[in-house]
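Peer 1: Residue numbers (the working numbering), protein chains in the order written: chain P, 1 to 418; chain H, 1 to 140.
A hint or two may mislead.
Claimed, not checked - Stretch-level coverage of chain H by chain P, calculated; a stretch enters the list once three of its residues show a Cβ under 8 Å from a Cβ in chain P: (1) 12 to 18; (2) 78 to 88; (3) 97 to 103.
Said to hold, decoys possible - Chain H residues, not near chain P, derived (Cβ > 12 Å throughout): (4) PRO26; (5) ILE29; (6) ILE72; (7) GLU110; (8) ILE128; (9) GLU140.
Worth flagging that the hints you see were computed from the coordinates, not collected in a lab.
The structure presented is a predicted model; accordingly, all values stated were derived computationally and were not measured.
Glycine included, C-beta positions come from ideal geometry on N, C-alpha and C.
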Amino acid sequence: MPELKLKRGDVVRLEGMLSLRVKEGNVSISGGLHGKDSKIVVPRAKSLPLEAETDAVVEYALGAGGSLEQLPERTIPHEWDVFIEDVIQAKPLIIMVMGDVDVGKTFFTTYVANKLLRQGIRVAAVDSDIGQADIGPPSTMGLGIFERPVGLLYEIPARAIYFIGSMSPSGHMLEFIVGMKKMAERGLKEADMTIVNTPGWISGGPARALQLHAMESLDPDIVVALQQDKELEHLLVCAPPAKVRRVPASKKVRPRSREERAFLRELLLARYFEGAGRVKLDLRRVRLERCYYRTGQLLDPRTLGVHASIVHAEKLPEALLVVVEGALDREAMHRLEANFGQVKTISRGSEKNLLVGLVDGSNELLGIGIIEEINYAREKMIVITPVKDGDKIAAVQFGSMKIKPSGKEVGAVRPGTF
Amino acid sequence: MTFEQSDLQRLIEEIIELYQRYCSDPSAIDVICSELRTLYQKIPIYPGIIVDCLPKIVQPLRPEELKEGNEISVLLKNNQIFVGKVAAVASDKITLVDCKQFERPRSLGEVSLPMRDVHGIKLLMRGILQKEWPSLDFGE
Numbered sequence: 001m002p003e004l005k006l007k008r009g010d011v012v013r014l015e016g017m018l019s020l021r022v023k024e025g026n027v028s029i030s031g032g033l034h035g036k037d038s039k040i041v042v043p044r045a046k047s048l049p050l051e052a053e054t055d056a057v058v059e060y061a062l063g064a065g066g067s068l069e070q071l072p073e074r075t076i077p078h079e080w081d082v083f084i085e086d087v088i089q090a091k092p093l094i095i096m097v098m099g100d101v102d103v104g105k106t107f108f109t110t111y112v113a114n115k116l117l118r119q120g121i122r123v124a125a126v127d128s129d130i131g132q133a134d135i136g137p138p139s140t141m142g143l144g145i146f147e148r149p150v151g152l153l154y155e156i157p158a159r160a161i162y163f164i165g166s167m168s169p170s171g172h173m174l175e176f177i178v179g180m181k182k183m184a185e186r187g188l189k190e191a192d193m194t195i196v197n198t199p200g201w202i203s204g205g206p207a208r209a210l211q212l213h214a215m216e217s218l219d220p221d222i223v224v225a226l227q228q229d230k231e232l233e234h235l236l237v238c239a240p241p242a243k244v245r246r247v248p249a250s251k252k253v254r255p256r257s258r259e260e261r262a263f264l265r266e267l268l269l270a271r272y273f274e275g276a277g278r279v280k281l282d283l284r285r286v287r288l289e290r291c292y293y294r295t296g297q298l299l300d301p302r303t304l305g306v307h308a309s310i311v312h313a314e315k316l317p318e319a320l321l322v323v324v325e326g327a328l329d330r331e332a333m334h335r336l337e338a339n340f341g342q343v344k345t346i347s348r349g350s351e352k353n354l355l356v357g358l359v360d361g362s363n364e365l366l367g368i369g370i371i372e373e374i375n376y377a378r379e380k381m382i383v384i385t386p387v388k389d390g391d392k393i394a395a396v397q398f399g400s401m402k403i404k405p406s407g408k409e410v411g412a413v414r415p416g417t418f
Numbered sequence: 001m002t003f004e005q006s007d008l009q010r011l012i013e014e015i016i017e018l019y020q021r022y023c024s025d026p027s028a029i030d031v032i033c034s035e036l037r038t039l040y041q042k043i044p045i046y047p048g049i050i051v052d053c054l055p056k057i058v059q060p061l062r063p064e065e066l067k068e069g070n071e072i073s074v075l076l077k078n079n080q081i082f083v084g085k086v087a088a089v090a091s092d093k094i095t096l097v098d099c100k101q102f103e104r105p106r107s108l109g110e111v112s113l114p115m116r117d118v119h120g121i122k123l124l125m126r127g128i129l130q131k132e133w134p135s136l137d138f139g140e
């Protein structure tokens with residue numbers, strides 16, 4: 001295996017695919033200390049800085065696309081270390097990290113948590129980048145605890161996850177705020193400090209509303225503004241000035257294109273559903289959440305007085321909900337509207353591939369799934385999921401994306417469809 | 001102070017803006033409505049992306065920029081509008097296939113219409129807010 005001899009203070013950029021073993025001395029990766037015999041793997045398309053804390057020797061093996069490059073100087077801004085010193089002194093409970101897309105919020109969180117871990121401070125991280133989730137599968141917000149130094153946030157196992165239902169907070173603002181609050185509170189129960197990463201959605205009315213209400217709801221002790229320039233100032237003017245800490249972004253952040261993000265998301269979902277099985281749920285026993293379906297008074301379709309293939313009917317305060325084979329013809333629709341007012345129709349089969357969250361009796365998210373079929377007449381639902389124990393599933397939360405088990409996104413449903 | 005918590009307002013404002021820009025061009029309104037329906041069917045949860053896409057549906061084009069296969073709308077000096085795919089372009093003519101014809105709306109004042117020619121009639125209700133929700137019609 002090739003070796004690299006390092007002097008104390010040397011900085012090397014590790015580009016995956018690459019594996020490395022510390023043969024002598026100490027190095028830090030993403031702020032985490034790695035001594036003799038530590039092994040580190042950098043996956044493909046990921047890049048990490050290594051800093052020699054003492055004179056050191058590392059041996060390495062390069063895979064596809066892998067490389068090592070000695071850098072003339074540190075890429076991590078000095079201000080990050082000053083911030084960490086201040087955190088060690090002040091011992092805040094909640095740190096909220098804000099920043100535009102691709103400024104390195106996830107890396108910042110990992111670096112800070114690793115450095116604090118070295119001081120014996122147990123840190124929880126809330127990952128709210130729901131499209132590229134590092135903790136938990138995409139479409140969820142995850143909570144992880146730093147128990148050991150890691151190079152990348154995704155190495156932290158999920159301690160708890162919360163289902164958002166889509167790959168972006170757009171259209172799911174309430175789930176997002178509730179999820180963030182619940183995960184942060186859970187983090188505080190299990191760690192000394194919680195770092196909450198917020199999404200890189202920072203401008204426009206909905207983004208402002210989300211960021212500022214998240215801030216109000218979390219009530220963080222410190223709001224870290226990770227900026228390249230002054231792109232967060234319009235939000236920071238609304239925050240208590242004493243809480244705001246402006247920190248420069250790292251110099252070596254590689255922006256991801258929209259296509260690259262979609263590809264990575266597909267990969268993450270495919271990996272999540274690898275080995276998934278089919279779970280049959282009895283809808284008379286399992287609760288349905290975030291949908292209209294099965295929240296009203298069940299009606300016998302034969303009593304509706306129309307000649308149509310209606311397989312399920314129920315009376316909601318808002319409308320009559322019917323599930324039909326194909327589409328309802330105009331005459332049947334007029335008749336139902338005349339008798340019941342507004343009519344909400346679901347076409348049987350349109351539930352296929354819908355992303356759902358599966359929660360247990362304590363309202364903990366067990367995992368996500370994909371609806372394969374609902375048998376409306378027999379009141380059964382078949383879900384494809386890696387959650388093995390179907391008996392533990394107490395409720396199904398409806399999302400708004402449609403995906404295949406291969407990870408491919410195949411559509412979105414209009415909120416309120418089900 | 002409040003924020004828009006979704007891009008719905010922006011979407012409605014963009015639709016109004018496009019209507020004002022193209023109300024005398026039924027071919028443009030036709031394609032915008034058709035694309036709007038498709039966008040909403042495909043990405044109902046992303047109104048912000050729909051808003052960003054809408055103004056790109058109809059774009060001005062000079063004759064020298066025409067390419068075979070382009071779907072275009074052509075307004076003639078006599079107010080006729082033709083929509084179709086460019087099959088050929090010469091210095092003196094454009095040949096379109098899959099062609100549809102529209103007419104630019106004109107103000108005519110008073111007209112008399114022979115009853116025998118009437119195919120259908122619809123009542124057009126303006127000032128609907130005042131009729132349906134008078135308590136919400138706050139005037140100018």
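Peer 1: Within the assertion that chain P covers the region 78 to 88 of chain H, do at least three residues meet a Cβ-to-Cβ distance smaller than 8 Å?
Peer 2: violated (count 0)
Peer 1: Would ILE29 (chain H) pass as off the interface with chain P, using Cβ distances and a cut of 12 Å?
Peer 2: At about 23 Å from chain P, ILE29 (chain H) clears the 12 Å cut-off, so the statement holds.
Peer 1: Hey, is GLU140 (chain H) genuinely clear of chain P, shortest beta carbon separation above 12 Å?
Peer 2: holds (25 Å)
Peer 1: Quick check: do three or more residues in the region 12 to 18 of chain H have a beta carbon closer than 8 Å to a beta carbon of chain P?
Peer 2: violated (count 0)
Peer 1: Can you confirm whether chain P covers the region 97 to 103 of chain H, using C-beta to C-beta distances below 8 Å and requiring at least three such residues?
Peer 2: violated (count 0)
Peer 1: Taking C-beta pairs only, is ILE72 (chain H) more than 12 Å away from all of chain P?
Peer 2: Its Cβ never comes within 12 Å of chain P, the nearest being 29 Å, so this holds.
Peer 1: Would GLU110 (chain H) pass as off the interface with chain P, using Cβ distances and a cut of 12 Å?
Peer 2: Since the minimum Cβ distance to chain P is about 37 Å, GLU110 (chain H) lies beyond 12 Å and the statement holds.
Peer 1: Far enough from chain P: is every CB of that chain over 12 Å from the CB of ILE128 (chain H)?
Peer 2: Holds: least Cβ distance 18 Å, greater than 12 Å.
Peer 1: A cut-off of 12 Å on Cβ-Cβ distance, and PRO26 (chain H) was said to be off the interface with chain P. Does that hold?
Peer 2: holds (26 Å)
Consistency note: the structure conflicts with the earlier hints numbered 1, 2, 3.
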